[in-house]
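Enquirer: Here is what each chain is made of, one letter per residue.
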Amino acid sequence: MSTEIRFTDFKADTQPTWCPGCGDFGTMNGMMKALAETGAHPDETFIVAGIGCSGKIGSYMHAYALHGVHGRALPVGTGVKLANPELEVMVAGGDGDGFSIGAGHFVHAVRRNLDMTYIVMDNRIYGLTKGQASPTSRADFETATTPDGPQQPPVNPLALALAAGGTFIAQTFATDAKRHAEIVQAAIEHDGFGFVNVFSPCVTFNDVDTYEYFRGNLVDVADEGHDPTDYDAATSVIMDREQEYQGILWRDDSSVSYHTQHGVTTPMTEIDEGAPEGAMDLVREFY
Amino acid sequence: MFARFDDMPADFNWAVGGEAGDGIDSTGKIFAQALSRAGRHVFTSKDFASRIRGGYTAYKIRTALEPVESVVDRLDVLIALTPRTIEENLDELHPGSIIIYDGERTTMENVTIPEEMLGVDVPLKRLAEDAGGAIMRNVVALGAACAVTGFPIENLDSALDKRFSSKGTVLVENNQEAARAGQQYVDDEYAIDTPEFHLETTDADYVLLNGDQAIGMGAIAAGCRFYAGYPITPATAVMEYLTGRIERFGGHVLQAEDELSAINMALGAARAGARAMTATSGPGIDLMTETFGLVATSETPLVIVDVMRSGPSTGMPTKQEQGDLNTLLYGGHGEVPRFVVAPTTIAEAFWKTVEAFNLAERYQTPVYLVADLAMAVTEQTFPHEVFDMDAVEIDRGRLLDASEVEEWSIDGKFTPHAATDNGVSPRVLPGTPGGVHMSTGLEHDAFGRRTEDTSVRVDQVDKRQRKYDVAGETESLEVRSFGAPEAETLLLSWGSNEGAIVEALELLDEPVRFLSVPYLSPRPDLTAAVEDATQVIVVECNKTGQFADLIEHDTLQRVERINKYDGVRFKADELAAAIADRTQMEVPV
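Here the protein sequences come in this chain order: A and B. In terms of numbering that gives the first Met the number 0, the first sequence opens at residue 0 and continues consecutively. In terms of numbering that gives the first Met the number 0, the second sequence opens at residue 0 and continues consecutively.
What the hints contain is simulated information worked out from the structure, not anything from laboratory work. Don't be surprised by glycine CBs; every beta carbon is placed ideally from N, CA and C. Some clues are possibly wrong.
Straight-line C-alpha distance at most 25 Å; calculated SDA-like pairs for lysine to any residue [unchecked claim]:
1) LYS412(B) x HIS40(A)
2) LYS10(A) x THR450(B)
3) LYS28(B) x ASP280(A)
4) LYS161(B) x ASP280(A)
5) LYS412(B) x GLN14(A)
6) LYS28(B) x PHE285(A)
7) LYS10(A) x GLU406(B)
8) LYS10(A) x ALA417(B)
Derived list of chain B stretches under chain A, where covered just means 3 residues or more per stretch with a C-beta under 8 Å from a C-beta of chain A [claimed, not checked]:
9) 198-212
10) 222-233
11) 273-286
Full structure from sequences and hints, please.
Expert: Spelled out as structure tokens, the structure:
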């Protein structure tokens, strides 16, 4: 591209309807900065979003996008990326979309290891439906549908990703703009499935997992000398449920993306005006 | 239940049967291949109704010099690996039938060959061991079958070569030797004189394939490059066919974690601009239904194949039924104008697959391509010219290049859902400069932006409907016509019943008209044909008559119904008897 792309080029002129102060603003800004930083172009970027407050992100970013059904954003992203590997594919969704209705797809997208990026705006609540428990809500988190709390341990998405053979597992905080953007950028640049779980507080319905809570309780693993390529160290921070972490927790530098493994590198978009050359060989096989 | 016809066409019916695990399928396939290579027409059926208990399996072949398009209730030569194979087929065997078996097999020692039939006792296992291994037992039996039918064994050699050549010449030669041992044994020990079973050969070049393979081949021919699917009987063979072949044409097959994922992957690939497909059976269609609405609302071209099997729920997964029509026409919430195409033969499965991709892109819509188990698993011969790749035409519809984007933009924004005269909007693929837009299952305006504006809502609903209406008016939607056009009795059917009905017509004494309908939505107007007839009978493999309901709805006329829902396809002879019964025709027994 002749002109340099700035992060605002990824911003649509549609005004977000997220609540003022919603974590998703910061999450999205970081995504746009990271995309611009990697040299992506809106014309060659594809955003896939699911359902929920997070699902609206496709409307607010300027790029090709699909806003799909609840929970199936990752399969859509998989299809987009395989059909045209030249597109930068970023899938975005919430904790409900990714770890509840779409949990099955999450595990398999992780192990498939396509070269794409998955951003989860984890606010530990269902905001769009006005405050019910999500799979990452605390066990004692009281909501209208769980008056005594879910009484189940919250899902640990990082551990799910690790168990599924994830090659890039990170966690960020939406308002730590610099760290968030640089970690998303690393996820984009990773040759494989870059998973970033973002603490993206819901200011309207979640009075527990607030900005204040994360500010006071978040440890950046970079400050602790964490080596993200050390599997045992990664396992120990990922399995530690007593502490909230930010940073790249695990990165497998030997990762080979699905595309490379399967030799899917050319866009499938151009086809002949008739049957492809050599199609008659298919008929001959049936002699 | 049904009368029997003795004046069937000059055909020959053969089967091999035994326990699951006896290699029945591959044995049958080899013989079918040999017959095809000998220039004979072949029609196979793999799945007999198991009338007693599970475990029994058989592969049946009907063959003739003329095209054969259905199965009949008759068996001339049977290779029986178990006593039960004989029990299961007693009502199809007849005086003069030949049963080939191995009397040295413990379970077959005391087997009783029914009266007036000829038992040909061949030491299959022993001869196979002499030729190099007991595993070739069934091939010895095929050699014996050549002997009793006077069938030139070189054709079997050729089929064995095709089957085993990838595993080395020694294996091929051992098998050919085993076949000859079986043939020689019968020639030496039995003086068989059955000219009525003599299998003549011709110089014709036929190809032999099943419905799933025809769909897979049609997809590649049509430029399909991406397939995602989840294994399910009887659609899995589509994915198995594509795997290892579509890659040669720059495509890719992905086995998804479930059907929800499969259709969403295919949707993603289609949005990116690839011709994409998924195939499943009824249970998978249920799971895909939510996304079907998204595909339609986002105006994405996609081919979704339903190879129907017996339902509901798990039903009878390896049995025939045409019970999904209503769910394909009406399934899902909200109102979706939808395209449903159901090929009526295996050859048509190829061509309708090509057409389904063209319809999908021409109207930017999902297309249901409907087959059924009977078509999917049947292998049938066709002259290779039937699959003329040079006749395949690709229409990608209103696909714009970068230079045309501006013309379809307002204030620099592209309009992927512009409400045009025919409802079809301009389409650009991701990567096209200036064409950026979002696609969504939310109601949207011309730009793809969410809206709840009342007039925009109405415009967009109307424009999606308009595509369907225009297709109904401008596409040919051709009905396949058989029998006597002036006949008082009109038969209507859809799907794979066509072959059996066409053959049934030949068995009946009086003229009957038959229209086979491959387009179910949008569909041809059959009002005139229905009004012209004094009696209309709709034939289909389900209980309630879903297609018959549709005919009544369209024509405002009551119709009669012949329905079969026991899990077994229609057979020409039983169908002829059923039609004769309805029309008070003489039954030519």
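Enquirer: Does each hint fit the structure? Answer for all of them.
Expert: Right, here's what the structure says about each hint:
1. LYS412(B) x HIS40(A): holds, 16 Å
2. LYS10(A) x THR450(B): Cα-Cα ~19 Å, so holds.
3. LYS28(B) x ASP280(A): holds, 21 Å
4. LYS161(B) x ASP280(A): holds, 15 Å
5. LYS412(B) x GLN14(A): Roughly 16 Å separates the two Cα atoms, so the pair holds.
6. LYS28(B) x PHE285(A): holds, 12 Å
7. LYS10(A) x GLU406(B): holds, 23 Å
8. LYS10(A) x ALA417(B): holds, 23 Å
9. 198-212: Satisfied; 6 residues make the cut.
10. 222-233: n = 4 at 8 Å, threshold three: holds.
11. 273-286: holds (count 3)
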